[in-house]
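Asks: The chain contents come next:
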Amino acid sequence: MKKILEVNDLHVTFSTYGGEIKAVRGVDFDLHEGETLAIVGESGCGKSVTANSIMRLIPSPAGKIANGEIIFKGNDLAKESDKNMRKIRGVDISMIFQDPMTALNPTLTIGNQLTEGLRQHKKVSRKEAEQKALEMLDLVGIPNPKERLKQYPHQFSGGMRQRIVIAIALICEPDLLIADEPTTALDVTIQAQILELFETIQEETNVAIILITHDLGVVAKAADRIAVMYAGKIVESGTKYEVFYQPKHPYTQGLLNSIPRLDQKGERLEPIDGTPPDLFSPPVGCPFTARCPHAMFVCEKVYPLRHEPSETHYADCWLYDERVHTPNLTNKKEETT
Amino acid sequence: MIRYILKRFFMMILTIWIIATLTFVLMNAIPGSPFNEERTSNEAVQENLERHFNLDEPPIVQYFIYLKSIATLDFGPSIKKPNDTVNDLLARGFPISAELGIIAILVALVSGIILGVLAALRHNGIIDYLAMMIAVLGISIPNFVLATLLIQQLAVNAGFFPVATWQSPMHMILPTLALATGPMAIIARLTRSSMLEVLTQDYIKMARAKGLAPYKVVIKHALKNALMPVVTIMGTLLAGILTGTFVIEKIFAIPGMGKYFVESINQRDYPVIMGTTVFYSAFLVFALFLVDIAYGLLDPRIKLHKEEGN
Chain P
1 MKKILEVNDL
11 HVTFSTYGGE
21 IKAVRGVDFD
31 LHEGETLAIV
41 GESGCGKSVT
51 ANSIMRLIPS
61 PAGKIANGEI
71 IFKGNDLAKE
81 SDKNMRKIRG
91 VDISMIFQDP
101 MTALNPTLTI
111 GNQLTEGLRQ
121 HKKVSRKEAE
131 QKALEMLDLV
141 GIPNPKERLK
151 QYPHQFSGGM
161 RQRIVIAIAL
171 ICEPDLLIAD
181 EPTTALDVTI
191 QAQILELFET
201 IQEETNVAII
211 LITHDLGVVA
221 KAADRIAVMY
231 AGKIVESGTK
241 YEVFYQPKHP
251 YTQGLLNSIP
261 RLDQKGERLE
271 PIDGTPPDLF
281 SPPVGCPFTA
291 RCPHAMFVCE
301 KVYPLRHEPS
311 ETHYADCWLY
321 DERVHTPNLT
331 NKKEETT
Chain H
1 MIRYILKRFF
11 MMILTIWIIA
21 TLTFVLMNAI
31 PGSPFNEERT
41 SNEAVQENLE
51 RHFNLDEPPI
61 VQYFIYLKSI
71 ATLDFGPSIK
81 KPNDTVNDLL
91 ARGFPISAEL
101 GIIAILVALV
111 SGIILGVLAA
121 LRHNGIIDYL
131 AMMIAVLGIS
141 IPNFVLATLL
151 IQQLAVNAGF
161 FPVATWQSPM
171 HMILPTLALA
181 TGPMAIIARL
191 TRSSMLEVLT
201 QDYIKMARAK
211 GLAPYKVVIK
221 HALKNALMPV
231 VTIMGTLLAG
241 ILTGTFVIEK
251 IFAIPGMGKY
261 FVESINQRDY
271 PVIMGTTVFY
281 SAFLVFALFL
291 VDIAYGLLDP
301 RIKLHKEEGN
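Top to bottom, those sequences are chains P and H.
Residue numbering for the first sequence follows the UniProt record's numbering, starting at 1 and increasing by one per position.
Residue numbering for the second sequence follows the UniProt record's numbering, starting at 1 and increasing by one per position.
These are computed hints drawn from the structure, not numbers from a lab.
You can trust all of the hints, since none of them are fake.
Derived BS3-like pairs (lysine-lysine); straight-line CA-CA distance at most 27 Å:
1. P/K123 with H/K216
2. P/K127 with H/K224
3. H/K224 with P/K150
4. P/K123 with P/K150
5. H/K220 with P/K146
6. P/K123 with H/K220
7. P/K132 with P/K87
Go ahead and model the full structure; you've got the sequences and the hints to work with.
Replies: This is the structure we're talking about:
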């Protein structure tokens, strides 16, 4: 499988009246053709910002990519001009947004919104574009596509609109699809249908998908690999099975403990206490220290070295370092508390 | 659609009837008559005149004569200008007033929208502050002050433009400017605030994610949605421009309908008052009807009629 995206040491900052928010602080990941990477994490951990920086859609001038590269098919998107970015957006990389109720323009017909990207990027006639739009609507499972093309967004249900948003994203046959919480605004049955749709589309077009979500159920169904984000960093990454069955980072363990399970009846859910750190001045050490049940003295002081239990799996945590068992470094915090 | 138009047409007739009746009542409530100032002390002449214009009849009979004249669109002769009928005056004045009004509303719309969009796109930039400064000035300076100021500075002192009347395109610039500035300022402010709101919407981000050219995102996706509030106040603005023409026509000595309207009231020229009022209100009511139609064209969610099956 060919590698199509490589993100190295990405930093994104937003300047506000209160100071500079370091929303993304050194994120690395890569993505291969036909693969689905899920980026998971709670609100404000920087997952959407990461996605938007790949599209270069972070609101400027407040937000900017401070450092790092986004290598997409050999080009560094972080340094690409706006004009070239417009040729990449919608054609090579597409995006699906969270709320299908607001992602479609209420005053334009579905057909218009479907075909405008195609007509902008590829020199096709109105007829060809319409033909392609019909195919796409058919692919995403909208009945009577011919009549539907002339209708407006308010004439569709939420699930239907999300299908249309997906059709719009796919009409130029992109290599990479970024789905920012694509099922969050939908009810559970529609969620399942949309996730299944992703699967069929991936089988047919071999598109790579970055799935951004906070819903581990969605991850379990749709992802191949998982990256867990916390306070602007990826704290653990691995294949779906590695992360679900052998979570290494205490934060990942906490996330998994906080969702209900079918096989453990009657047990209370365990929430993660506390709140994420302030990203105006993020901690120097592990950002999860304050909420971590296993926190040690060293966690506060130094950012953890990477622990790699397998070639595809890593976690940034001191717990797995051999040195932590030296008496001088450990348990200081536990003694004091 | 046809049912909607018929319904609206009926409502328009009703509105005009109410306005006409109110005008008649007010006209009769004011003391005095058209012949008060005449120097003729001859009672017989006065009586003859009153009989000629049906002013000797009881008010209720006058009212029906008046309604009949509206229905037949024949308002009879003017009392003060014996050589003209009211219809003559309207036919002479209306084209000029319409020209002034239409040019002014077009100038206000185009420049207001452009100013508002630029301000929104350069939010908190120099263009934004400049545009909003112009807008605040435009809203706060009354058109008659602006008109005299323009005449004083640009026509009398600088001599760039003719001082008054309505003949060549050069004559039209100052009156249009004076009339259009207020509505333009309102439109600019409204366009700016609604553009700013629309630009944060998801569908704008989506349009940008499609890789569309910036002008397409702004014009096709943002502006169409942002214009809804502008269309909403178009009705009020039209009424404002209409009344504005009275003042502007008076100041610039433009021989439009507004001039006859003001004169007729001062002189108690009953047929002319009735004719112009009914004409103005019919015009305004029809313009409001067009505004409502424009709504439906801009936003498909607004339906003017019930669809079958829904």
